[in-house]
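The numbering of the sequence shown is the numbering used here, which starts it at 57 and goes up by one.
If you are wondering where the hints come from, they were derived from the structure by calculation, not from laboratory data.
Owing to the predicted nature of the structure, the values given are computational and were not obtained by experimental measurement.
C-beta: ideal position from N, C-alpha, C; glycine also.
Check before you lean on any hint, since a few could be wrong.
What the hints assert, rightly or not - Now the in silico label distances, taken between C-beta atoms and shown as ranges:
no.	residue 1	residue 2	range
1	S118	A154	40 to 46 Å
2	P130	A101	21 to 27 Å
3	V80	V188	47 to 53 Å
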Amino acid sequence: MRKVLVAILSGAALLTVAGTASAVTATSTFNVTATVLKNCLVSSANLVFGSYTPNTGALAGSSAITVRCTKTTPYTVSLNAGTTAGGTLAQRLLANGANTLQYNLYTSAALTTIFGDGSGGTGTTAGTGNGVSAASAQTVTVFGSLPDNTTNQDATPGSYADQITVTVTY
57 MRKVLVAILS GAALLTVAGT ASAVTATSTF NVTATVLKNC LVSSANLVFG
107 SYTPNTGALA GSSAITVRCT KTTPYTVSLN AGTTAGGTLA QRLLANGANT
157 LQYNLYTSAA LTTIFGDGSG GTGTTAGTGN GVSAASAQTV TVFGSLPDNT
207 TNQDATPGSY ADQITVTVTY
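Given the sequences, and given the hints that come with them, work out the whole structure.
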């Protein structure tokens, strides 16, 4: 019986030593990194002057450009001259076939600075991003004027349109 008891105790001792030997560990670390890139998102709403009757008064309108840029990212908003042939930043044109109506876009309701690309005396709008979530959106307002003081505004009836490209540089 003594041999059996010694054998059992010896086996238990070996299991304890074996269990302790398997508890040895080694560790390591690794870094986790990410790079946040500058990014801007832009959207815009149509500017609608409405119905125009020649020689009865100018029309005004406005449109909103929504800019969402990563936090602290400086940006500049500029507008092109439009897609109507003959239109320039100084004098944009709405078209209905070969017929045109003069109009322009401005950076403020005072209609003092033409909203363009910064060339030829035109202005742009600048800002700093708050983030790209919808809650962080910043609005830039474009003010439009369709004047009624030129002979070119005595136009043929019909629907007139132009298309402006908004560029956000960041």
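The hints, checked one at a time:
1. S118 / A154: 40 to 46 Å: 29 Å Cβ-Cβ, so the 40 to 46 Å window is violated.
2. P130 / A101: 21 to 27 Å: holds, 24 Å
3. V80 / V188: 47 to 53 Å: Distance hint for V80, V188 holds at roughly 49 Å.
The earlier numbered hint that this structure contradicts is number 1, and it is the only one.
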